[in-house]
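Novice: Working from the sequences, and respecting the hints, build out all of it.
So the protein sequences, as listed, match chains A and B. Residue numbers for the first sequence follow this note's numbering, so the first one is 1 and each next one is one higher. Residue numbers for the second sequence follow this note's numbering, so the first one is 1001 and each next one is one higher.
Derived from the structure by calculation, the hints contain no laboratory data. Treat the hints loosely; a few may be bogus.
Now the stretches of chain A that chain B is said to cover, found in silico as 3 or more residues with beta-carbon under 8 Å [as the list claims (entries may be wrong)]:
#, segment
1, 40-48
2, 84-96
3, 103-112
Built from N, CA and C at the ideal position, the CB exists for glycine as well.
Take a look at the letters that make up each chain.
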Amino acid sequence: DTAVSQTPKYLVTQMGNDKSIKCEQNLGHDTMYWYKQDSKKFLKIMFSYNNKELIINETVPNRFSPKSPDKAHLNLHINSLELGDSAVYFCASSNFLGNEQFFGPGTRLTVL
Amino acid sequence: DQQVKQNSPSLSVQEGRISILNCDYTNSMFDYFLWYKKYPAEGPTFLISISSIKDKNEDGRFTVFLNKSAKHLSLHIVPSQPGDSAVYFCAASNYGGATNKLIFGTGTLLAVQP
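Specialist: Put into structure tokens, the structure is as follows:
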């Protein structure tokens, strides 16, 4: 299956913990993204990487650290989780300057 | 500051009729617009797009219209089918910009009644 995949699909954790979400794409794209969809359903970009290089960093707290080991993977590590981090996080990929971004199924993060 | 707005949170349409979903934007630098469809517990999937040099793009049952002077676009689905029931997101970008950032609206939940 050619797709964007994310793990885990659901993540429930306590405040203060550190957690990671993994993303992989096998579409041959060179650009990957992380989006956050909050409780008001806003889908907002957080980060974008092109060929392992950070392109977009949208004033996200530095507790969030993306890591791109290669152009097919973009992981999201979150330190010291807060209640407000509860959201659905979507990974996406595209060709560079390709507007049609392909999304993963999302990871629902719940911080208790 | 919401640059892309979908003012109708929901829309209900009878099967076989036309669905019209609307989207307004404020940033005149946007020159590429997309519609995404999202089912529950899935990621958004690309549906159709339009460049600002066009005013209409059609793909099967889906047509997107762009009115640049009004900063307004709409998605028409004809005929509507129950399987079209989903949340539809409008998105905009500055195509060819260094960052290729998509700005999304808040979505419209379309319910197609059999």
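Novice: Which hint numbers does the structure go against, in order from smallest to largest?
Specialist: none
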